[in-house]
Structure formats: C-alpha cells, structure tokens
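Listed below, chain by chain, are the residues.
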Amino acid sequence: MQGIEVLFMGNNMLRLLDGLWVTLRLSLISIGLSLVIGIFVGAFMLVKNPVVKAICRVYIEIVRIMPQLVWLFIIFFGITKLTGINLNGETAAVIMLTIWGASEVGDLVRAAFSAIPKHQFESGLSLGLKKVQLYAYIIFPQAIRGLVPDIINLSTRMIKTTALVSLIGVTEVLKVGKQIIDANRFEYPNAALWVYAAIFMMYFLICFPLSLLSRKLTKKRGE
Amino acid sequence: MDWSFIQKFTPMYVEAAVLTVTIGVIGILLAIALGLLCALVKYYKIPVARQIVAVYIELSRNTPLIVQLFFLYFGLPKAGILLSSEACGVIGLAFLGGSYMAESFLSGLKSVGKIQLESAESLGLRRGQVMRYIVIPQAASVSVPALAANVIFLLKETSVFSAVSLADLMYVAKDLIGMYYNTGEALTMLVAAYLVIILPISIVFSLLERRMRRAGN
Numbered sequence: 003m004q005g006i007e008v009l010f011m012g013n014n015m016l017r018l019l020d021g022l023w024v025t026l027r028l029s030l031i032s033i034g035l036s037l038v039i040g041i042f043v044g045a046f047m048l049v050k051n052p053v054v055k056a057i058c059r060v061y062i063e064i065v066r067i068m069p070q071l072v073w074l075f076i077i078f079f080g081i082t083k084l085t086g087i088n089l090n091g092e093t094a095a096v097i098m099l100t101i102w103g104a105s106e107v108g109d110l111v112r113a114a115f116s117a118i119p120k121h122q123f124e125s126g127l128s129l130g131l132k133k134v135q136l137y138a139y140i141i142f143p144q145a146i147r148g149l150v151p152d153i154i155n156l157s158t159r160m161i162k163t164t165a166l167v168s169l170i171g172v173t174e175v176l177k178v179g180k181q182i183i184d185a186n187r188f189e190y191p192n193a194a195l196w197v198y199a200a201i202f203m204m205y206f207l208i209c210f211p212l213s214l215l216s217r218k219l220t221k222k223r224g225e
Numbered sequence: 715m716d717w718s719f720i721q722k723f724t725p726m727y728v729e730a731a732v733l734t735v736t737i738g739v740i741g742i743l744l745a746i747a748l749g750l751l752c753a754l755v756k757y758y759k760i761p762v763a764r765q766i767v768a769v770y771i772e773l774s775r776n777t778p779l780i781v782q783l784f785f786l787y788f789g790l791p792k793a794g795i796l797l798s799s800e801a802c803g804v805i806g807l808a809f810l811g812g813s814y815m816a817e818s819f820l821s822g823l824k825s826v827g828k829i830q831l832e833s834a835e836s837l838g839l840r841r842g843q844v845m846r847y848i849v850i851p852q853a854a855s856v857s858v859p860a861l862a863a864n865v866i867f868l869l870k871e872t873s874v875f876s877a878v879s880l881a882d883l884m885y886v887a888k889d890l891i892g893m894y895y896n897t898g899e900a901l902t903m904l905v906a907a908y909l910v911i912i913l914p915i916s917i918v919f920s921l922l923e924r925r926m927r928r929a930g931n
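Protein chains in written order, with the numbering used here: chain A, 3 to 225; chain B, 715 to 931.
No wet-lab data here; the hints were simulated from the structure. Be aware that one or more of the hints could be misleading.
Unchecked claim - Cut-off 20 Å, straight-line C-alpha distance, at most; resulting in silico cross-link-like pairs (SDA-like, lysine to any residue): (1) B/K792 / A/N186; (2) B/K756 / B/A854; (3) A/K221 / B/S825; (4) A/K222 / B/K792.
As the list claims (entries may be wrong) - Some but not every residue of chain B turned toward chain A, in silico, with C-beta under 8 Å: (5) L773; (6) G789; (7) L837; (8) A877; (9) A881; (10) M893.
What the hints assert, rightly or not - Per label pair, the in silico range of CB-to-CB distance: (11) B/V735 / A/L131: 33 to 43 Å; (12) A/R59 / B/Q721: 29 to 39 Å; (13) A/K221 / B/Q721: 31 to 41 Å; (14) A/K222 / B/K722: 39 to 49 Å; (15) B/I795 / A/T82: 11 to 21 Å; (16) B/F867 / A/K221: 38 to 48 Å; (17) A/G34 / B/G842: 50 to 60 Å; (18) B/E923 / A/P211: 29 to 39 Å; (19) A/R147 / B/S821: 36 to 46 Å; (20) A/F188 / B/G842: 58 to 68 Å; (21) A/N51 / B/A763: 47 to 57 Å.
Note that CB positions come from ideal geometry on N, CA and C, so glycine has one too.
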C-alpha cells in the first residue's frame, strides 16, 4: 500500500498540475466558445420562424443522441480522413466540446427565456418602456438569474468530459499520470493507486465547489 | 463507402454492441438499486448512513467516469483488489449512476407534500401503506422522466469502457481504424450501432414522459 511518496517525488506533483492546467484550459476555452455560440443558438430557437427553430432542434437532438466520445472520434479521425486537414488532439477536443456545449447552452437559453411569464413583457410595454428598455431592465436580468446556475452546472459537465481527450492522445492530466506511473514502475510499483486517486481528487476539488455554487444559486432563484 | 468492408466487420460490431448493452444494462440496474437505497436513506434521514450517502453522491457526481474506471482498473489492483474489465465497467457505471438515480428518486419523494403524509397518517394508514398508496404514485410522475434521462445518459457513458480494454463499440472502431485505415466505414458503423441502441430507447422514453406528464396534471 505504500508509495504515496511518488506523488511528491521530484517534480511529479508539478507535472500533474501542469496536466490539470491543460485540461482546464481546454475546458475554459470550450466553455467560452460554447457560451458565445450557444446564445445565438438559443436566440434562433426563440425566433418565430418554424424552419429556423426546426434546424436548431435537429442540431441539438443530433448532438445529444451520440456519446461525446463518438463525436470526438468523428472529429479527430473522420475530419482528417474526409478533408485531409490534420487536426491535432487539442483542436479536435475544443471543436467537439464547443459543438456539444453550444447545443446545451442553446437549449438552456431557450428554456430560461421561455420560463419568463408573458405578463412580464406585457406589463413592461404597458408601462411605456421601449423594447430596448424592456429587455435591459426586465427580461435579461430575470433570464440571466435563471441561467447562471445551469451554466455553472454545464461547466462542471464539460470539465468532466474533457477527461475523454486523453483517449485521442492529448497530454492532459490522465496522460501525465500514466507517464509518471510508467516512469516509476520499478521503484514504486503501487504508483497507479496513488496517482489515479490524486487525479480523482483533483477533479473533485474543481467540480465540487462549482456544484455547490450552482446549487446555492438555484435555491436562491427558488425564493 | 466500401460495402464489403462493412459486411465483413458487421458481426464484430454486433458482438461489441451486445457486450456494451449487457454491461450497460447490468450497470444501470445496479445503479437504480443503489440510487433507490441512497434516496431512501436520505428520505428517512437515517443517521450516519445519511452522511455516508451524502459524501458518496458528491464524490460520484463531481468526477468523470473515465477517472473512476482508471482508479478501479489500474489503481485498485495495487491495493490487492483485482477486477476484470467487465467488472470495472459494471461497478464504475453503478458508482456513477447511483448518485444520479438517487437524486431523481429523492426529487420525486420530496415532491409529495407534507400535508399528504399527515392526511394519510390521520386516516390511519400504516407507514408501508402511505408509501404504497400515497407517495409512490405521486412521486413516480416526477421521478420517472428524470430516471429515464439518467438511463440514456448512462448508456452514452458506456462509450468510455474501451479505456479499460473492454472490447466495446469504441474499441472495435478504433481497432479497425488503426488496422485498415477504413476510417469512414468504421465510424459510420459506430454511429449506426449507437443509433440502433439509443434512438429507440430515447423515443420510447419521450413518449412515456409525455404520458406521465399528462397523468401528473
């Protein structure tokens, strides 16, 4: 059972944290892009035009029906084969996470705006507010308050999904962990236990506070 | 599209799909059992067990399945616990799914108002009867859609099993891509296989959800 020292030997811990930063960087870039694109997807879904609506619905459902890992394979192997463009693992990961994240954000945005009762719009207009004022002072503040906890929740899901990218050869925290285990195979045969336990805790320490925050905001929204 | 390639390797995909579904179903059933247990512990506020369940739920919900599987498959043998790939898949899925199922069960149980419980009790119903005639019928309309969503989520998560060398659909696809470079065909068959598994379930569940919602109102 011994071997926990392996985590603190040399610069092993630093290397793991470096790997974790790769994971987080990919997640953060993807979350940012998803938010920007997802807001447009959500806006398109609220448009009255049934064709635009249907296209968005189909996009969301197609993304949702497949496991994220399948999408990652399609993008990483498929696009290269189809177009000859050689994507590196990190780019493929960001593309996959963004396509998926944007569809989820879009659906959340749609839900947040649809949840605002019609009388809010009507009361605002009957008070003589202009369209811009109506949205700036009445609709957006309510929609955003509803949206933030769900977006935080989605972010934890995206961070967890980023763990998949080790399977297409991105050197993130899981891959670094494997390297450390392999490098210490003889001196510390039990390294795998501690390294994977450490990575488990790293993910937990990142996602748990976010989950708590999301839950707290959701409760606040309910009052 | 090379049809002879597709024909030749379809049996491999079928075999892998059967394995994916088998392990998925066993894992999901265990997850439902574990989830129900955890939900009841939380619902009846059983001391000590309640804290353990709370810690378990947070650990399970805030870590990715692939890390859980790596710990089970590569880590635990170092502590003397050797698990096969299949066992890891089932345990991992149950560990992950249990917490999601627990939350779905609990949200249903909690949706039944206190007034209902008190009324039932004052009518002279016993604890078991309250559960059976009052709580479960009402909780189901809240829980079932959430449970169904979890089932689909867990089925999709099974795609990670290849990482612990389980010969599932992803594993076969990656193998074929590596061996023959027939990327297009291998990926098309992969997508088709997952569609065959997930699409019917997803359609059935959305019909079920619609009916449940009508029953709930």
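Going down the list of hints, with the structure as the test:
1. B/K792 / A/N186: holds (14 Å)
2. B/K756 / B/A854: holds (17 Å)
3. A/K221 / B/S825: holds (15 Å)
4. A/K222 / B/K792: violated (45 Å)
5. L773: Holds. Min distance 6 Å.
6. G789: holds (4 Å)
7. L837: violated (31 Å)
8. A877: Since the shortest Cβ distance to chain A is 6 Å, the answer is holds.
9. A881: violated (15 Å)
10. M893: violated (13 Å)
11. B/V735 / A/L131: 33 to 43 Å: violated (55 Å)
12. A/R59 / B/Q721: 29 to 39 Å: Because 35 Å falls inside the window, the suggested range holds.
13. A/K221 / B/Q721: 31 to 41 Å: violated (56 Å)
14. A/K222 / B/K722: 39 to 49 Å: With a Cβ separation near 58 Å, A/K222 and B/K722 fall outside 39 to 49 Å, so the hint is violated.
15. B/I795 / A/T82: 11 to 21 Å: violated (40 Å)
16. B/F867 / A/K221: 38 to 48 Å: violated (24 Å)
17. A/G34 / B/G842: 50 to 60 Å: holds (52 Å)
18. B/E923 / A/P211: 29 to 39 Å: holds (32 Å)
19. A/R147 / B/S821: 36 to 46 Å: violated (21 Å)
20. A/F188 / B/G842: 58 to 68 Å: holds (60 Å)
21. A/N51 / B/A763: 47 to 57 Å: Holds, since A/N51 and B/A763 (Cβ atoms, about 54 Å apart) stay within the stated range.
The earlier numbered hints that this structure contradicts are 4, 7, 9, 10, 11, 13, 14, 15, 16, 19.
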